[in-house]
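Dock chain to chain to rebuild the complex, using the hints, since each chain is given by itself in its own frame.
In order, the protein sequences belong to chains R and H. Basically this note's numbering = 1-based index in the first sequence + 68. Basically this note's numbering = 1-based index in the second sequence + 10.
It is possible that some hints are incorrect.
[Claimed, not checked] A few chain H residues that face chain R, going by a derived Cβ cut-off under 8 Å, partial list only:
no. : residue
1   : Thr138
2   : Glu139
3   : Gln140
4   : Asp142
5   : Ala143
6   : Glu145
7   : Val146
8   : Ser147
9   : Ala148
10  : Ile210
What the hints contain is simulated information worked out from the structure, not anything from laboratory work. Every residue, glycine too, gets a C-beta built ideally from N, C-alpha and C.
Read off the chains here:
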Amino acid sequence: MIDLSHNIGEHDKIIEIRDLHKSFGDLKVLSGVNLDVYNKENFVVLGRSGSGKSVLIKIISGLLQPDKGTVKVFGYEVPQLKKEDLMQLRLQIGFSFQNSALYDSMTVKENLEFPLIHNMRNMTRREMRQEVESVLDDVGLLHTLNQMPSELSGGQRKRIGIARTLIMHPKLMLYDEPTSGLDPITSIEINSLINHVRQKFSTTSIIITHDMTCAKTTGDRVAMLYQGEFIKQGTFAEVFGAEDQRLKQFYEYNFID
Amino acid sequence: MEVNTSEKPLISKKIDGFFLGIHSALRFVLRFFREVFTPPYEFKEIIRQCYQVGYKSLFLITLTGFITGLVFTKQSRPSLAEFGAQSWLPSLVAIAIIRALAPLVTALICAGKVGSNMGAELGSMRVTEQIDAMEVSAINPFKFLVVSRVVASTLMLPMLMCYTGFVGMMGAFLNVHMNEMTSFTTFFNKAFNEISFLDIMSSLTKSIIYGFTIGIVGCYQGFYAKNGTEGVGKAANTAVVLSMFLIFVEEILLVQLTNALR
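Bound-form chain H, shown alone (with noise of 0.2 Å):
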């Protein structure tokens, strides 16, 4: 559904068009629920979708993963050594890791190379009327381009997570390793007994919410983009800008929902 301002303001241009765009985007988000269910399922498109999701996002995540353990060990050693504590390093990376750093790096690598992926392509689409040409072809768009589009990612990004972690955890080692000497079983022993079972279904949780944001804001931005090629840059732009905000602003809420929970 498209944003009509051009009618009498109620309150202020600025004001409506706020509030429309936030009742258009929850009616594409409940369209998304009602045909992600409605048969026929796109189950082709979804697995070629988990792939430029996944695969084509991994060379990315292995790099800042592996990067954010192994900085984030080396800026903690001097604050643990200054009580003689380096014991706990291991520990203290993995809490980092597991509840917030895997989450938090995979979806914000995911909302710049996934998110803007997805509202320029569909806003391309959109402008050269690639979207109105399936249409009237009798094939659903939203359930081609969308739905397959937030399946994928929404599955994708707690697998890439788990990676993202997995490669941190790396990263770490091989710093503390190189300093302390530890084994790779110590390391790992030491790590994951500060780790519970709500850690690390609260990681996920959070990875899959996450991954849902990040489909659902680049396809609506894409899905209704306008004024040609400025509105594809915008699209992209707007994408990438608003899925991150929104995932730390779900950070925050699901931290406090954890935190609660313990």
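Chain R extracted, bound-state conformation (with noise of 0.2 Å):
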């Protein structure tokens, strides 16, 4: 049974990954990462597209299984949880996908009530209200309650997406490429939200982007993935400020672009 009710400390790691290696087939996706995430930190993780990114956090929250090695997330070993101490766990996740992932077919309300619905079987509706409002409120968007997903500009479905995740006030966020797609204005509202969401609730989040302002903005810490692996963790400046050729190119190429 999952116990998540202990205070964590502030030195306390979050997430703590041993030598995971994932492969689809034949291609070899991660090949012995290891990662340490400490609390209420933003861990920016960087790289190009089908470096593995994404599929490095769907092992962090259980969608996918690793082939080898250890993924701790508050200290349970994820690919071991039972279904339902998987579900305990998740409960503290939040997860903003890079496409948003609203349900089609719901309002902005209901995408929002949606988990709550589901997993706080006791709330009241007007406290359902009061808690959607809240959060809309927190992105910025409490006008578009009663939208479509499909009525909605590509920022907002960004920030309404972070805004379900939020409604069931998460320990750890994942952010699978909150800015793709977006024009820079858009871009650094998402940031600066993410950065507000990190003081307002407290959250430790893995940001997984290629947009070096999105990184440098967002990110205590970054780390770069090549081929598999981490070649180098630290801070913006420490990664980047290093004599490693794949670094320069990748943040060269980044600024041209």
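Quick look at the structure:
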């Protein structure tokens, strides 16, 4: 049985990954990833498309099974958890998908109420409405309450996707390409929102991106995933100040873009 | 469970894939039976799906059921007339409609309309990560999406079948009345003289099985859809083709079984 009621210290590890391997058929995606993410830290994973960034957070959330290695979240070994325990753990994890993954057939309000209806069965309609309005206010989209996802812009969809995860007050946030496909101004707004979420909800976050501005603005620490391994971890300045041709190339191409 | 055929094949990639597919489908069916009796129950979603399956198929069912009854009567008349046996028409039509046509027409219409809808809807939810989003929100997507849809189609098909039988008989009556001036009471008295309890029970049983087949095939195809929008189209298409094929196979088996009981 999962118990996350104990206090988590400032320097406690929220995520601990050792020697993680994952392949799809003959394609090796992750080969020996090691990672520690500490409480209330924003950790950015950078890498080219197809480098296995999204696979990494899908393994952390239990959506994919690793081939080898250990993945501990809040001290629990995710691949070993029983279905019921994994569900309990997931209540503490918020996952913001690359394409927002909003439920097309539901309004914004119904999208946000959906996790509450299924996980907080004792909550009244009134409490739910208050909670929905509160998180919508946090992401600055209170006016979209009765709109359908198809009526929203890309940036608004991302924000609603984040709001839907925040409604369960998670301790860990996983952002999959939060700024991909957005214009620079909307990207800056999303970056500010990620920082605001950390401040207001005291979350630990992993941000998957290939956007250097996003990495620089949101990350306390940054790591570069290259051919299935982390080649460098540290602050933004440490990582991109290092004498490594692969990092320099990634940095330069990003800013030429 | 996804079918992984990337490892070295035991026999050949195609044959291995076929058996792995059957294994995966059987696991899906077993999971359905495990989850359908486990709380919490998604009553609200089941009712919403019943509305989708039942009410939204009603117009098409009315039209096809009525035409089937009318045309079948019209086509049967000349053969019976050769022996001067037009008076047998109501009984013949009733046997054909209640024993075979009503369950089959209902199932085929629903396979096309409901099965494809389930395949496409769940397929699109899969490729746009909406099913993953449910899972990471600690919601059981199988229970919410699959169990509710399969239960709804299993419950609604027998009801739709009864309705198809009724409108089919009305179509038949219209044709008989226009040609032989038979009254409503006489027509239905003659029609139901030849219908036994076993006929009605076997048709209801068939409809339940067809409803389950349509639901489980549509959901299976959609739930494991892959390869983007192309995969969604494939899921919808396979849902229709496979469920129609299985319905005919089940029809043969169930007719044999009913005849053995008769």
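Cross-check of the supplied hints:
no.	hint	verdict
1	Thr138	holds, 6 Å
2	Glu139	holds, 4 Å
3	Gln140	holds, 5 Å
4	Asp142	holds, 6 Å
5	Ala143	holds, 4 Å
6	Glu145	holds, 6 Å
7	Val146	holds, 4 Å
8	Ser147	holds, 4 Å
9	Ala148	holds, 4 Å
10	Ile210	violated, 37 Å
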